[in-house]
Amino acid sequence: MANIIGGITTSHIPAIANAMANGLEDTPYWKPFFDGYPPVRDWLNEKKPDVIILFYNDHGLEFFIDKKPTFAIGVADEYHNADEGWGIPTIPPVTGESDLSWHIANSLVEDGFDMTICQEMKVDHGLTVPLNLMWPGHNYGHVKVIPVCINCEQHPMPQPKRTFALGQAIGRAVQSFDDDLKVAVFGTGGMSHQLDGERAGIINREFDLMCLDKLVSDPEDLTKYSNFDLAEIAGAQGVELNMLIAMRGCLIGDVKELHRNYHAPISNTGSGLMLLEHTMPEK
Amino acid sequence: MSQTVNIPGTIMLDGPMATKGYPLNKMCYSFNNAAARNEFKEDEEAYYEKFKLTEDQRDAMRKRDVIAMLEAGGSIYYLAKFAGLLGLSVQDVGGLQTGMSTEEFKAFLVKQGEV
Amino acid sequence: MATNEKRDIPGTYLFDSTMAKKGYGLNKMCFSFNNQEARDEFNADPDAYCDKFNLTEAQKKAIKEKDIIAMLREGGSIYYLAKYAGLLKLNMQDIGALQTGMSVEEFKDMLVKNGRGEV
Numbered sequence: 001m002a003n004i005i006g007g008i009t010t011s012h013i014p015a016i017a018n019a020m021a022n023g024l025e026d027t028p029y030w031k032p033f034f035d036g037y038p039p040v041r042d043w044l045n046e047k048k049p050d051v052i053i054l055f056y057n058d059h060g061l062e063f064f065i066d067k068k069p070t071f072a073i074g075v076a077d078e079y080h081n082a083d084e085g086w087g088i089p090t091i092p093p094v095t096g097e098s099d100l101s102w103h104i105a106n107s108l109v110e111d112g113f114d115m116t117i118c119q120e121m122k123v124d125h126g127l128t129v130p131l132n133l134m135w136p137g138h139n140y141g142h143v144k145v146i147p148v149c150i151n152c153e154q155h156p157m158p159q160p161k162r163t164f165a166l167g168q169a170i171g172r173a174v175q176s177f178d179d180d181l182k183v184a185v186f187g188t189g190g191m192s193h194q195l196d197g198e199r200a201g202i203i204n205r206e207f208d209l210m211c212l213d214k215l216v217s218d219p220e221d222l223t224k225y226s227n228f229d230l231a232e233i234a235g236a237q238g239v240e241l242n243m244l245i246a247m248r249g250c251l252i253g254d255v256k257e258l259h260r261n262y263h264a265p266i267s268n269t270g271s272g273l274m275l276l277e278h279t280m281p282e283k
Numbered sequence: 001m002s003q004t005v006n007i008p009g010t011i012m013l014d015g016p017m018a019t020k021g022y023p024l025n026k027m028c029y030s031f032n033n034a035a036a037r038n039e040f041k042e043d044e045e046a047y048y049e050k051f052k053l054t055e056d057q058r059d060a061m062r063k064r065d066v067i068a069m070l071e072a073g074g075s076i077y078y079l080a081k082f083a084g085l086l087g088l089s090v091q092d093v094g095g096l097q098t099g100m101s102t103e104e105f106k107a108f109l110v111k112q113g114e115v
Numbered sequence: 001m002a003t004n005e006k007r008d009i010p011g012t013y014l015f016d017s018t019m020a021k022k023g024y025g026l027n028k029m030c031f032s033f034n035n036q037e038a039r040d041e042f043n044a045d046p047d048a049y050c051d052k053f054n055l056t057e058a059q060k061k062a063i064k065e066k067d068i069i070a071m072l073r074e075g076g077s078i079y080y081l082a083k084y085a086g087l088l089k090l091n092m093q094d095i096g097a098l099q100t101g102m103s104v105e106e107f108k109d110m111l112v113k114n115g116r117g118e119v
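If you read the sequences in order, they're chains A, B and C.
With the numbering used here, letter number 207 in the first sequence gets 207, and the count goes up by one each step, no holes.
With the numbering used here, letter number 3 in the second sequence gets 3, and the count goes up by one each step, no holes.
With the numbering used here, letter number 11 in the third sequence gets 11, and the count goes up by one each step, no holes.
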């Protein structure tokens, strides 16, 4: 059967792509951020997951607000990036995992999550930046990726309790897949940040650190927040916490924190990198 | 999890079928545009190539074999656009699939509607 | 706390149904900036390009004056406005400064302080 071997939280902001494209990793501004990554890369290279389920939000590349899926899942064998409008380099295609994707889609709809199912889906920096962070130089062609896209742009958007439940349902779906596959789950997004309005620039370090703690030990406590709560406490785009919560929903039993690096600011955001392992299901 | 059921004479568009049928359905979806319909009529083979249809799909298209299109992953909503391009009605398509004439198929529909 | 009641958050324009409807043309125009041809067309004649997407007078004024706050008030969603900012070669700190009335350096300093939890 397929097994989830662990989960990772990471930022996905476009400024990271620019920093990597321009070789700025060791500059004083970026070093404290990038220094967090080697242990996570080592873990990935040692554990060699076959598949990454990646929670992210589209920022206006594939989806526009003419039709905005609440939850969308990719079921393709390949995904492409494209011009996003402001000049981060377009990256090579990302490999998909159609069979497991369809299995998850079937299982989710059965489970009450009426997904938008995508056989073609342009993937933006929300998905590509984390992959390049984990396998620099765009060396992730060997890993199969299943994109799960959550609306974090337009209210109404799914509430934390719902995204947590989505993660739990995906966890069950993976476990019920017959093929022996090792799956890692990425929850990507800025932590506290607000890009728009006179309140632009707020970062709530204390709240971010509390969220990282709770993501390890008591994720259900985070589901008490509404998206408006998150906007108020962590900034208008603080709702991206939903992707981290969804990732955590996929994990079961005792969850162990193997690594953490919180750093703020990068660009306008708080960044929380965390590597988690959980109790593996009985065979 | 509910298992896919086998209903005789019925081809469900599920995950594997949707994956298989994607090029065929994408091509038929393009027939929403008059320019695409004209391009297809001018050179069918080139149009199949443009959408990378599988050999089975090309063969079904060439033979106008609706059942074979369904077996190759076609979704009836898009195949209907191809039927429209050929000037066929839904009853014509019904006839083609059931081996009836269009008139027989229409009579079959009427009979089922009777109390 | 822990309620889903809509509330006013000062200095914050939540992108909800009202804003999504009001801002549709503006956001659609900015979404088009994913394409180089669209960016070129805008640069060649901004007014004509705004008209193509039926922008309201208030939206056109906000675009012309590069007034981010006004764009938000007129229903702009930050993810699409960011594409307009990119076209203007502005980054997120430039945008932050424009909205808060700070210099870019002041805005960056504020981010650093916020990041340390000093505020």
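Don't read these hints as lab results, they were simulated from the structure.
Be careful, since some hints might not be right.
Stretches of chain C that chain A covers, calculated by requiring three or more beta carbons in the stretch to come under 8 Å of a beta carbon on chain A [unchecked claim]:
1. 19 to 27
2. 40 to 51
3. 60 to 66
4. 86 to 95
All figures in this text were calculated on a predicted structure; none of them were measured in a lab.
Don't be surprised by glycine CBs; every beta carbon is placed ideally from N, CA and C.
Each hint, compared with the structure:
Residues of the stretch 19 to 27 of chain C with a Cβ under 8 Å from some Cβ of chain A number 3, which satisfies the need for three, so the listed coverage holds. For a cut-off of 8 Å, the count of residues in the stretch 40 to 51 of chain C with a CB near a CB of chain A stands at 0, and the three-residue condition is violated. Look at the stretch 60 to 66 of chain C against chain A: 0 of its residues bring a Cβ nearer than 8 Å to a Cβ of that chain, fewer than three, so the hint is violated. Only residues whose beta carbon comes within less than 8 Å of a beta carbon in chain A count, and the stretch 86 to 95 of chain C has 6; three or more means the coverage holds.
In this structure, the hints that do not hold are numbers 2, 3, in rising order.
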